[in-house]
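Engineer: Take a look at the letters that make up each chain.
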Amino acid sequence: MTSMQQLYLLVPLAPLAGALIAGLAGRAIGRSGAHWVTIIGVAIAFFASVVIFIDVMNGNVFNGSVYTWLTSGETRFEIGFLIDRLTVLMMVVVTFVSLMVHIYTIGYMADDPGYQRFFSYIALFTFSMLMLVMSNNFVQLFFGWEAVGLVSYLLIGFWYTRPTAIYANLKAFLVNRVGDFGFLLGIGLILANFGTLDYASVFAQAPGMAKTSIELFPGAPWMLLSVICICLFIGAMGKSAQFPLHVWLPDSMEGPTPISALIHAATMVTAGIFMVSRMSPLFELSDAALSFVLVIGGITAFFMSLIAVVQYDIKRVIAYSTLSQLGYMTVALGASAYSVGMFHLATHAFFKAVLFLGAGSVIIAMHHEQDMRKMGGLRKYMPITYLTMLIGALANAGLPPFAGFFSKDSILEAVHLSHTPGAGFAYLMVLLGVFVGGLYSFRLIFYTFHGEERFRAQAAGHGHDAGHAAGKDEHGHGDHGHEPHETPAVVTWPLILLAIPSIAAGWTIGTVLYGGYFGSAIYISPEHEGLAEMAHEYHGVITMMLHGLTSLPFWFALSGAVTAWYLYIVKPELPGVLRQKLSFLVNILMEKYGFDRFNDWFFAGGARAIGGGLWKFGDVTIIDGFMVNGAARVVGWISSLVRLFQSGYIYHYAFTMIIGVFVLLTLWFGQA
Amino acid sequence: MNSTPWLSLTIWIPILFGLAVLMFSDRHAALVRKLSLVGALFGLAVSIPLYVGFNTQTSAMQFVEFSRWIPRFNINYNLGVDGISLLFILLNSFITVLVVLAGWESIQKRVAQYMAAFLIMSGLLNGVFAALDAMLFYVFFEATLIPMYLVIGVWGGPNRVYAAVKFFLYTLLGSLLMLVAFLYLFDQSGGSFSILDWHKLPIAMTPQILLFFAFFLAFAVKVPMWPVHTWLPDAHVEAPTGGSAVLAAILLKLGAYGFIRFSLPVLPDASHALSGFMIALSLIAVVYIGLVAIAQTDMKKLIAYSSIAHMGFVTLGFFIFNAYGMEGALVQMVSHGFVSAAMFLCVGVMYDRMHSRNIADYGGVVNTMPKFAALMMLFAMANCGLPATSGFVGEFMVILGAVKYNFWIGFLAATTLIFGAAYTLWMYKRVIFGAVANDHVAKLKDIGAREFLVLALLALAVLGMGLYPQPFTEVMHASVNDLLQHLTVSKL
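Residue numbers (my numbering), protein chains in the order written: chain A, 1 to 672; chain B, 1001 to 1492.
It should be emphasised that the hints constitute simulated quantities derived from the structure, not laboratory data.
Each hint can be trusted.
Quick list of the computed label-pair ranges, beta carbon to beta carbon:
hint : chain 1 : residue 1 : chain 2 : residue 2 : range
1    : A       : Arg76     : B       : Pro1005   : 30 to 40 Å
2    : B       : His1440   : A       : Pro572    : 45 to 55 Å
3    : B       : His1440   : A       : Phe602    : 33 to 43 Å
4    : A       : His419    : B       : Asn1406   : 35 to 45 Å
5    : B       : Lys1445   : A       : Gly30     : 22 to 32 Å
6    : A       : Thr164    : B       : His1440   : 19 to 29 Å
Just so it is clear, the structure is predicted and the values come from calculations on it, not from any experiment.
Yeah, the Cβ is synthetic: ideal placement off N, Cα and C, and Gly gets one too.
Using the sequences and the hints given, assemble the complete structure.
Structural biologist: Take a look at the structure:
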């Protein structure tokens, strides 16, 4: 094993070691021991990732196996790594955000009794996510895929005494399982048709499979690759929370805020985006799948952003914003602009982490209050949080020169240039979404940090927050009268360190998108080359910003921000009036289009009812009642008849015997 | 070839220890427990040379022992293992140790009889897996019913007699036709009870079909397959913890083992002809039983139904006739041995403290039993087939094999991803998570060292097999390949 290969192994194993030590020996090493051991583990992973990043930039790519997990028939299932430019980008983003979140957690979870457990989980998450992105085959991909789902489940339900949290984590797991169901079928189809689950061999065979069709329904041949890609994408819809499997993500906000930032915004939910980019050699061969991706992404991008506008819970606003931004990434994938999707993934990881961690900082300052109606005017009490969140919001809205502008604008451009069916619809969706994005981002900022200071009035009333108080009451809610204050350095420093790339990450656009950064890691078929056209028109960061100022998306985003300013600063009474006037629409949005209600009633209730019915009727009545015990009753009935012959009177027996002998003799001698 | 009769030792050592402890009364309970543990450990120790000395390159029977038993009918004491049966002997010897440990404190009455029943059962079960003579197989197969009948009937719950009789009659009636089939095959083969001889015996289609159904009744009841499964939830609910663990972990495997040892190789043409029927029943087990499990309110019933659903994967894997399915099914059998035993032991841990199996009586157990909750989380995840646990490997391979065989069969099989997670985690949520539900839960004590040891050993097995299943599968390759090869050749 070369030293580079040892380094590859070190990247996932260092956080794993941290997780195991903090998890198994948490009591022995204490609180500070737990955060040190995991932070060191993740820091090692981060620095090793940087070294690997530089090595890969120098042209070294690695694809090899670590060990043979299983052999079945002629197929070997391996655990192995593929280290290319796509992988290292994810490795650096994941380990960096994870490191920041680890440090931040010291402050955020300071009073929580589950401190060690929390560090163990987030380090375990980092390991799982790294295994996912570093995989060179589908088995390990699925392994990481499910493992991050497990940690997400554990962390959403971290405060396990809260009914809402344990409802949310079960829901998240089950909805993700629906996605995994499709994903696994896709993997099965790949193995059945390609005979291997190794990326490289699958991709090499893919062009030869482009014309193969499969008849799932007799008489309706479908393209094999379309079926495979749609199955795989269903997995991505679960993990990356795309419509209609998005329902779990807003509820996942029941988990502690650091993991909302790490798992449910920056990294895990982008696994689907990463996976589709990784599978570009397959998706590129199926226009049907790409259209599907475009439409799903478009729906998610626009309709989820609308919900963000009506939410009052600061974390839920960001959660719906995340859904919408994931929709943007998905749209980029559908437009064959994988590198743009990945670019937005990276910039979004930074600015969304800032927004979430900033929201967490606000929540600490407000003593675990999440309702924005009880905030307002916080900017002078928490300047660092304010500034960093403002940067996050500007980036989220897609205004130059912040990172989100470059990636979002490129997505719009790429979709505009795409000729894949559905691109027109998706373009409309993402364009409208830009306006809404500006609106909800600045609604959040204005509502929280500007305007009237509403937190003083709320010292007594606490109806809404009853659920949140259950898990961690150490702060006590009596001290609401105190002035809010800036959070400690372990909280603000990660914010600052994440705010920097939230501005600057966008300026790497020239290299990432147009400098051939991804090289051969992403494949784009010649007829989908919208990106080349964009590269042709790209003349540097400054020019792009200047050009941006004259383009439609910029004005959409700006007018969204101005609308928010008008509604929440200039005429703060107006939103209430609008809510009443538009109560029908607002109700639809507050009901989240009715998905939760429908799923609870139809799927959860339906499964319980069918299960109960099958049990009571099928098992208890038919099989047990009629067949099993029925058979016993028949035996009982026959034996009760037979019992009549055993009367106990000797003359009955004697008589029967004589008749028997008579019959026998007749048969025997009567034949003649 | 090793001259030590290792297989005989794995059979007779536990039985002898079982007979030995029977001599003591409850006054010597402490001694009985220790002696039983020694017997179980000894049984495990003598099964290890089987794995170490096993030659993975051949599908031939190994560690073969042969001596005449009833020469008049050519019935022989003929033992041997291949890559298929080996794993089950190891699994059985391992589970026996855990069961002895698990009954350490919870069984206070008739300790000797309880321990003896399990030790004797362990030996008999090893006998089933090692037998190469059909009559020997039959004797062991039926003899295992007696200790389990007693375990349920004596140490079971309130409705134990109904459950024990149901269990006994169901499985006994099922296997009577198997005896008829054996006699027919004895006649056809010119007077041989050797299973390996029967593998080579040409049989016409009609008798093959009839024989298939005769075997089917015996084995389907044991697996159990839908619709002859209703004895299992009753038996599990009433059985003591150890009984449930062995029942789920090993006894159910006898049925599946019967399919792979008799039905498939002896009757390949009937197996092919009736594969649609078998697949349909297996999928009903996965989907129908999966839904039924969601509706359960009794933890043991829920796990019993989940067992049936998981065993559906085993029979599905057998009858799709490819390596993924076959090996996946075998892996699933071993994994289910670990996971179902662990789940039943977990319920036992709670039952010992609360004397209730009712989900509604629990809630918030994690607050008072955090260590236990963590271990049970692992087993629950294994039960939903999460990667890195053993539960994943078998399901994954069977689903892959099923998709290869037919997309829609794979589709239905893969619904277990959703149903399995739904019933397992919903139960876990209601029992373990939440605020402390009542005073009884508030008074719970976390698991002690002995309980921890038992569950931790199973946890290691579950994780080890999930992270590195290769050592489990490499022993079975040669035998599975040979069987698949054998299945492609018609016997008509």
